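Number of protein chains: 4
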Amino acid sequence: MLLTSSAAGVYVICPTPFTIDGRVDPASTDQMVEAFLKAGATGLTILGIMGEAPKLAADESLAFAKQVIATVAGRVPVIVGVSAAGFAGMSALSRKVMGAGAAGVMIAPPSALRTDDQIVSYYADAVEAIGPDVPFVIQDYPLVTNVVMTPKVILRIIEENPSCVMLKHEDWPGLDKITTLRRASADGQARRVSILTGNGGLFLPFEMERGADGAMTGYAYPEMLVGVVNLIKAGKRKEAHDLFDRHLPLVRYETQPNLGLAVRKYVLKRRGIIASDTLRKPGPKLSPETVADIDWLMERIERS
Amino acid sequence: MLLTSSAAGVYVICPTPFTIDGRVDPASTDQMVEAFLKAGATGLTILGIMGEAPKLAADESLAFAKQVIATVAGRVPVIVGVSAAGFAGMSALSRKVMGAGAAGVMIAPPSALRTDDQIVSYYADAVEAIGPDVPFVIQDYPLVTNVVMTPKVILRIIEENPSCVMLKHEDWPGLDKITTLRRASADGQARRVSILTGNGGLFLPFEMERGADGAMTGYAYPEMLVGVVNLIKAGKRKEAHDLFDRHLPLVRYETQPNLGLAVRKYVLKRRGIIASDTLRKPGPKLSPETVADIDWLMERIERS
Amino acid sequence: MLLTSSAAGVYVICPTPFTIDGRVDPASTDQMVEAFLKAGATGLTILGIMGEAPKLAADESLAFAKQVIATVAGRVPVIVGVSAAGFAGMSALSRKVMGAGAAGVMIAPPSALRTDDQIVSYYADAVEAIGPDVPFVIQDYPLVTNVVMTPKVILRIIEENPSCVMLKHEDWPGLDKITTLRRASADGQARRVSILTGNGGLFLPFEMERGADGAMTGYAYPEMLVGVVNLIKAGKRKEAHDLFDRHLPLVRYETQPNLGLAVRKYVLKRRGIIASDTLRKPGPKLSPETVADIDWLMERIERS
Amino acid sequence: MLLTSSAAGVYVICPTPFTIDGRVDPASTDQMVEAFLKAGATGLTILGIMGEAPKLAADESLAFAKQVIATVAGRVPVIVGVSAAGFAGMSALSRKVMGAGAAGVMIAPPSALRTDDQIVSYYADAVEAIGPDVPFVIQDYPLVTNVVMTPKVILRIIEENPSCVMLKHEDWPGLDKITTLRRASADGQARRVSILTGNGGLFLPFEMERGADGAMTGYAYPEMLVGVVNLIKAGKRKEAHDLFDRHLPLVRYETQPNLGLAVRKYVLKRRGIIASDTLRKPGPKLSPETVADIDWLMERIERS
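These protein sequence lines map, in sequence, to chains U, D, A and P.
To convert, note that position 279 of the first sequence is 279 in the working numbering; the numbers rise steadily by one, no gaps.
To convert, note that position 107 of the second sequence is 107 in the working numbering; the numbers rise steadily by one, no gaps.
To convert, note that position 209 of the third sequence is 209 in the working numbering; the numbers rise steadily by one, no gaps.
To convert, note that position 272 of the fourth sequence is 272 in the working numbering; the numbers rise steadily by one, no gaps.
Excised from the complex, chain U in its bound form:
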């Protein structure tokens, strides 16, 4: 099952669960996969920035990917982040996870890229590295990568690389970018690819209204993301915003850079989805005051 341009719904960005002493936790991994599928995920994405991918050794990454793919067992597509400092590492990981049954890979640009041509060339080289038959996702996340891609650049990458099937959109601000990209494909100027949005879902209802096909992001209550996507698709705008706004205080708290992942893991632990909220170093620790904030936010969400 390979990823295609018609992918939609909610691809949940999975954290990598660790035990208290920092080893990858296989039991929590399985439990998390089942919880996310039960929440309505139409896909899973692993080894992304919020999956602490750079903190894993090469063999750990591969073992984790294989386990997730095996547990999912074809129920939904699994996308694997293969961003790497060099193409040799990207190529090796990509080949192995595709061999293990991944649906596609996701590639974020390295932070040194500046000009339009540098970005376009980088994706051409990346496609050469992973092979032209591997479906891939562009990750457009300037807050973290420091690489700014105009719609024009994204369209060039789509045009020049038939294996590009999706944009993980998390530019900020980014709503007009969705509008521009969708207009370009509606006008026949460009091939239409799937657009799933990120940024912890912070703008999800608006993004859907601009033409996104769904979300590819993490949030400790992924059923909310699923609910919002479905409500918007059903034309229930007010209900979608009502549902979303009820969660927004926690979404906002979870989108704090660096700290956000610790928040998310804490909530997932409290919800019984993973066993420990351990992050590998370097990573923040939650202060007692922060824990109290999160407890307050969870209580307000769950009460309503």
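Calculated from the structure, these hints are not laboratory results.
Keep in mind it's a predicted model, so treat the numbers as computed, not measured.
Hints are supplied without guarantee of correctness; some may be wrong.
Heads up, the list lumps identical chains together, so a pair's fine if it works in one copy or across two of them.
Said to hold, decoys possible - Here are the simulated DSSO-like pairs of lysine-lysine, each with C-alpha atoms no more than 27 Å apart in a straight line: (1) K38 <-> K233; (2) K238 <-> K269; (3) K96 <-> K66; (4) K66 <-> K152; (5) K38 <-> K238; (6) K236 <-> K38; (7) K66 <-> K38; (8) K152 <-> K281; (9) K285 <-> K152; (10) K38 <-> K269; (11) K269 <-> K281.
Position chains D, A and P against the provided structure of chain U, taking the given hints into account.
Only chains D, A and P this time, still in chain U's reference frame:
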């Protein structure tokens, strides 16, 4: 009336109103000042990043500052942003606005600063430039300045410069930073200064709970900021969060980098507070889709 | 006398001389102008990055520019750096110095620019600010500005703005960029503008061989720059490199970021060209060890 | 043979030789090792930034390291760069190369680090990852890493980590930093570690005079680096500078960012030290004009 370490409440960050053809708009300036005071502002801050200060010529900045100070006429303190590429410009503007009746000045660090000592030295030089008797505010806004100040560095600046009376806190994440700074002054390790928080108010109720004295930020409904600060001070936690959460969807929309100011000016215009939502170049223009989003958000706030 | 696309030779980047107590030094200014003209300068450039322009107040900048222009008295063109945080400041300074007799202005892009279109738009807005009849120079200096312009972007700026007459080239590496730009104008794909090179002259003989028309840079022995440019133009390659290589140890020492200007001012002082090597804050101070290094380098140059 | 604080001389930074089709080239690797030892290297450093380390897959890195260590066969110490995006990768590589006989490892800080405490903590975590008994080298190279370490920070790292035995110094400007660090150890404020300097050798004679113990850098004629170090140690200042200055035109050409490694590999190929000057993507290609420049520079060096 000079700014002191006991400043509290809501210091509204004022945009600079322009006419449709881009000149500073004196009529809107007066109207805006009165609206913000009526909303409960305990102070005003002008010529900050969100005041488009770098887009004004030197004489325009001074004229605008003088007008605001004259209109306020001593009802509340006025703080003037004097961040500049060099100390000669900072010194000149500071001297002139203090002469015109400003309560103090605000200084953001230039983006080239990296090490702890560079940051501390910079503020020492800045104090030399503005004079040791001018109360000043440290602006700690890494998302925009790219300068990261640890609590330790902030405490060193406070310790070495008696004229430092306030921290405009907008680190992100920043809640634990407030806790750390407040603990340091509670423990007698450091002089207590006022902490007013920024970031468009995105974390305001939590920031108050961590020990902030109020907010120094902009938002198109500043009465909400005032309400939240007062409710928290009155111990009404739930009511504070309820009020805040009702506005959070728009707060979130307004905190989009670059675009946010255009959103804010549009709402201020629709509320009759300024005549035009013009931004000077370089600045974004609102798309029709974005205008529709904002209208939707305003309607939901005002209906509730 | 307005700057044109046929400008050539050596436009010496002038430092701004200060007295020991940090005021602009008019006597040294005149003396420096005469020394640079005597050294063979075919133009002067003031208020650039190495002129400590951001450290001057608006009135100081203008007074300094007027004095230099008056002293030069039409003997050579004077270019004035008008890079500014905003277009209002750029417009005001540009109008005043052109009125005072400047030949053109120089504009470096602000460091926030990332994409090709952002850079091209910025120069369009800048031309709107200074007026379409004011000849201007693009400063392409990524090491300092953090803005990377491809040859394609530079050619678009040249094409869209007839008042663009010169590129101050200081990309690094940058030799192939000159080759590409010159090929584009030779092939009739683009209007030919003057290319003067910067970077403290570090690659001057090779830059001339690639098609530069000369240099626009500073070095404490500007007669060397003049000599190299003339020797290359006269076809005396070996002599040009021999002359250059004799100075290279000091050129290399002067191109150290930040420190370099202090080195240059020290040598200019020792050569009797300016009275003091004072830099305004923030700026480095030369250690005794560094002074000894420079003395050693000067001795080796002057002995040979 | 473990690396100690008394290491001195020239540790040549080795490129990773590739065949024309981009595979690691074992024959060239052996030949290069022998050539560098014959040139007088007192150590070798592999898998650094100029060794294209991030472009190698994990197994390639390890195989290359093992081969170099085996070829050297204990004649000199071999240092291996283990900088990695995460500690798991760093730990794995470090353990394996130390097991294979490396003398120590080198660690550059990741570019996200800003504050003094972040940098110090990072090295504490890194030591935890590699183990407290593995001698390590701090790489201080802000031009590439964007991390600025004050002397104070370096001294804290040395103080808190007994396994820190060397600083690879390539700050720029950096001469006064050597003076400050050496004064601190002379004054008994800090443990004395080895300081070897980098930056392609651009300031080598001055660095030696400030107290460096030698160089750890690459240059296509490493015998020049050895010669300069030995002449300075022998008190022959003039001869050292004469030798250095003869090579400076090429050193300068080789220190161009990104392009420099392609230049170095070309010269090594022409000198018969490696079979191909291939770089892995992303990497620059030499234009015919650049090749002609290098040929000219080589001719001038070899003639003299």
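ask   = For this structure, which hints from the list above don't hold up?
value = Those not satisfied come down to hint 4.
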